[in-house]
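Novice: Protein chains in written order, with the numbering used here: chain A, 1 to 425; chain B, 1 to 150.
These are calculated hints, taken from the structure and not from any lab test. Predicted model only: the values in this text are computed from it and were never measured. There's no promise every hint is true.
[To be verified] Chain B side only, calculated, beta carbon under 8 angstroms to chain A, not exhaustive:
#1 4
#2 13
#3 22
#4 38
#5 66
#6 122
[Stated by the list, open to error] To give an idea of the chain B side of the interface with chain A (calculated C-beta under 7 angstroms), a few residues:
#7 65
#8 88
#9 91
#10 101
[As the list claims (entries may be wrong)] Label-pair ranges, simulated between beta-carbon atoms:
#11 77(B) / 360(A): 16 to 26 angstroms
#12 6(B) / 104(A): 53 to 63 angstroms
#13 103(B) / 39(A): 26 to 36 angstroms
#14 40(A) / 107(B): 21 to 31 angstroms
#15 210(A) / 5(B): 34 to 44 angstroms
Even for Gly, the Cβ is constructed at its ideal location relative to N, Cα and C.
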Amino acid sequence: MNVGLGSVVSPDRSLANARTGFDVERVRRDFPILDREVNGQPLVYLDNAATAQKPRSVIDAISRYYSNENANIHRGVHYLSEHATAAYEAVREKARAFLGAADRREIVFVRGTTDAINLVAHSYLRSRLRQGDEIVVSAMEHHSNIVPWQLLCAESGANLRVIPMTEAGELILDAYEGLLSKRTKMVAVGHISNALGTVNSVKWIAARARERGIAVLVDGAQAAPHLPIDVCDLGCDFYAVSGHKMFGPTGIGLLYGRAELLEAMSPYQGGGDMIETVSFDGSTYARIPSKFEAGTPNIAGVVGLGAAIDYLGSVDIASMLEYEDQLLRYAIDQIGGVKGVRLIGTAREKMGVVSFLVDGIHAHDVGTIADQQGVAIRTGHHCAQPVMDFYGVAATARASFALYNTKAEVDCLVAALGRAREVFA
Amino acid sequence: MLELRELYQQIILDHNRAPRNFRELEGANRVAQGTNPLCGDKLHIYLRIDEADVIEEVAFQGSGCAISKASASLMTEAVKGRTTSQAGEMFGEFHRMVTGCDGEADLEKLGKLAAFSGVKQFPARVKCASLCWHALRAAIENDAALVSTE
Chain A
1 MNVGLGSVVS
11 PDRSLANART
21 GFDVERVRRD
31 FPILDREVNG
41 QPLVYLDNAA
51 TAQKPRSVID
61 AISRYYSNEN
71 ANIHRGVHYL
81 SEHATAAYEA
91 VREKARAFLG
101 AADRREIVFV
111 RGTTDAINLV
121 AHSYLRSRLR
131 QGDEIVVSAM
141 EHHSNIVPWQ
151 LLCAESGANL
161 RVIPMTEAGE
171 LILDAYEGLL
181 SKRTKMVAVG
191 HISNALGTVN
201 SVKWIAARAR
211 ERGIAVLVDG
221 AQAAPHLPID
231 VCDLGCDFYA
241 VSGHKMFGPT
251 GIGLLYGRAE
261 LLEAMSPYQG
271 GGDMIETVSF
281 DGSTYARIPS
291 KFEAGTPNIA
301 GVVGLGAAID
311 YLGSVDIASM
321 LEYEDQLLRY
331 AIDQIGGVKG
341 VRLIGTAREK
351 MGVVSFLVDG
361 IHAHDVGTIA
371 DQQGVAIRTG
381 HHCAQPVMDF
391 YGVAATARAS
401 FALYNTKAEV
411 DCLVAALGRA
421 REVFA
Chain B
1 MLELRELYQQ
11 IILDHNRAPR
21 NFRELEGANR
31 VAQGTNPLCG
41 DKLHIYLRID
51 EADVIEEVAF
61 QGSGCAISKA
71 SASLMTEAVK
81 GRTTSQAGEM
91 FGEFHRMVTG
101 CDGEADLEKL
111 GKLAAFSGVK
121 QFPARVKCAS
131 LCWHALRAAI
141 ENDAALVSTE
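Kindly produce the complete structure, drawing on both the sequences and the hints.
Specialist: Set out below in structure tokens:
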């Protein structure tokens, strides 16, 4: 890491690595952007919940695809087309293994988590929803796991019910059970909260819903870069991830859906590739998963996502988990220790995120001052306005971590917070 | 951190800490609300305009970042006692200054508002600085729609 003036190197960093067996410096060398400077300072990228940086292998895979391998898939008989098709479908199999799904037909390539949720809302739930039915979401959802359901409710006369949370940002699970009724048609919940970092007990939540024959969708956008995922073990019906948050390119994501559900669902978008036959008298639709992949897909995005899945597969997950946990505890400790800082979201089980307020300094001002020191954090409502409303604030500052962040980088943020307090003293 | 000092000048920090005309206005005959949805800045602007179109009284309420609050505070000082068209001209100069668009701004005319000349280097904060002016204009034009920076 390029240690510039003004940043503090934590002296026991190498010791920590030896303990966990996680070589963060080696990992950092895989990510070219981490070498750059911002505002004359080494980049300290702590906005991973917004998007993650990309390893060289992902960048190269996309570049190689366009330089050497680009062709449209599924319909051609020429070499490049067959090669591209094979590469595309190979990633589907990789994605199946990555998510722990049983069948590659249960993996749909989509644009991202938002796209996946809208697909499920449209193709699964819309036809099943009657006036007075209910959709259950949690108090800590990202807008993408609220608004699609609200659109359906407005259309159908169904109601949105919200699982409440505590001040610490933990879901009140008794209240959740109390919300489930004969009218409940869907439970949609985030695996890890992007605003608070809370890890939700999605397996338990899914089990209670399944007992009552209620479908469950899990928003896994924040989980995919941090946790091994096993959709069969979780017992959910749908699971959505975004490629760009798990070190892959933007514009690509995965929707896992149980085969029998996907088979029964109506198409989402119409067009080429999702059909079997088309005539002006009527068309028939392709089998799953093609039924949900209309038009030329983001082939390069799929290739990049495959490389990202490979990259995560090359990391020792157990030591990564331990490293990230240690880093998060350090961050919570150090950021929380700054005078005037109030941590937002203090669940016992957290991953990846530290949201906070600084007394007397608006989040936006904190972010600008941090930016001047090369530190990238996010400030605002984080697409979770209901969470902001719950805490009675307009915005928080949020530092979010990935496997390439270090304790020294946390120290840079803490120094920036000190600077902010000086400026606003 | 030279650039930071250019943005967070003493006068801005002062007006953020102790904003002037920071109250509701009794007898206001023009009111508008402005919001910056990206960061949660929210301002109410209250005006009392007389028959000669002079801004007799101006006040504001709301919450937001230091730039938005200081800008509103300095704006109220700048437009009080001016006509609505003078205030409109001032908005034009202010906008020119913070965006760097439409040619050089007349910093002389802007007086204390020139403290925001550093905002140009921080494009993400232009909306914070100009929110109050957009709300002011909406209030003058009696445009009841919610002013948003989006």
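Novice: It remains to establish, for every hint, whether it holds in the given structure.
Specialist: Hint by hint, here is what the structure shows:
A least Cβ separation of about 5 angstroms between residue 4(B) and chain A falls short of the 8 angstroms threshold, and the interface hint therefore holds. Here the hint on residue 13(B) is kept, as its CB sits about 7 angstroms from the closest CB of chain A, short of 8 angstroms. For the restraint placing residue 22(B) at the interface with chain A, the shortest Cβ-Cβ distance is roughly 15 angstroms, beyond the 8 angstroms limit, so the hint is violated. Restraint check, residue 38(B) versus chain A: the minimum CB separation of about 6 angstroms is within 8 angstroms; hint holds.
Checking residue 66(B) against chain A: minimum C-beta separation of about 5 angstroms stays under 8 angstroms; hint holds. For residue 122(B), the shortest C-beta to C-beta distance to chain A is roughly 6 angstroms, which falls under 8 angstroms, so the interface hint holds. Taking 7 angstroms as the C-beta contact cut-off toward chain A, the hint placing residue 65(B) at the interface holds, the least distance being around 4 angstroms. With a least beta-carbon distance of about 27 angstroms to chain A, the hint placing residue 88(B) at the interface is violated under the 7 angstroms criterion.
Taking 7 angstroms as the C-beta cut-off, the interface hint given for residue 91(B) is violated, the closest approach to chain A being about 22 angstroms. Violation of the interface hint for residue 101(B) is found here, the shortest Cβ-Cβ separation to chain A being roughly 21 angstroms, above the 7 angstroms cut-off. One distance hint, 16 to 26 angstroms for the beta-carbon pair residue 77(B) and residue 360(A), holds here, with the actual separation near 23 angstroms. Between residue 6(B) and residue 104(A), the C-beta spacing of about 56 angstroms keeps the proposed range 53 to 63 angstroms intact.
Judged by the Cβ atoms, the range 26 to 36 angstroms given for residue 103(B) and residue 39(A) holds: they are separated by roughly 27 angstroms. As the Cβ distance of residue 40(A) to residue 107(B) is approximately 27 angstroms, the hint placing it in 21 to 31 angstroms holds. As the Cβ distance of residue 210(A) to residue 5(B) is approximately 59 angstroms, the hint placing it in 34 to 44 angstroms is violated.
In summary, the structure is inconsistent with hints 3, 8, 9, 10, 15 from the numbered list given earlier, while agreeing with the others.
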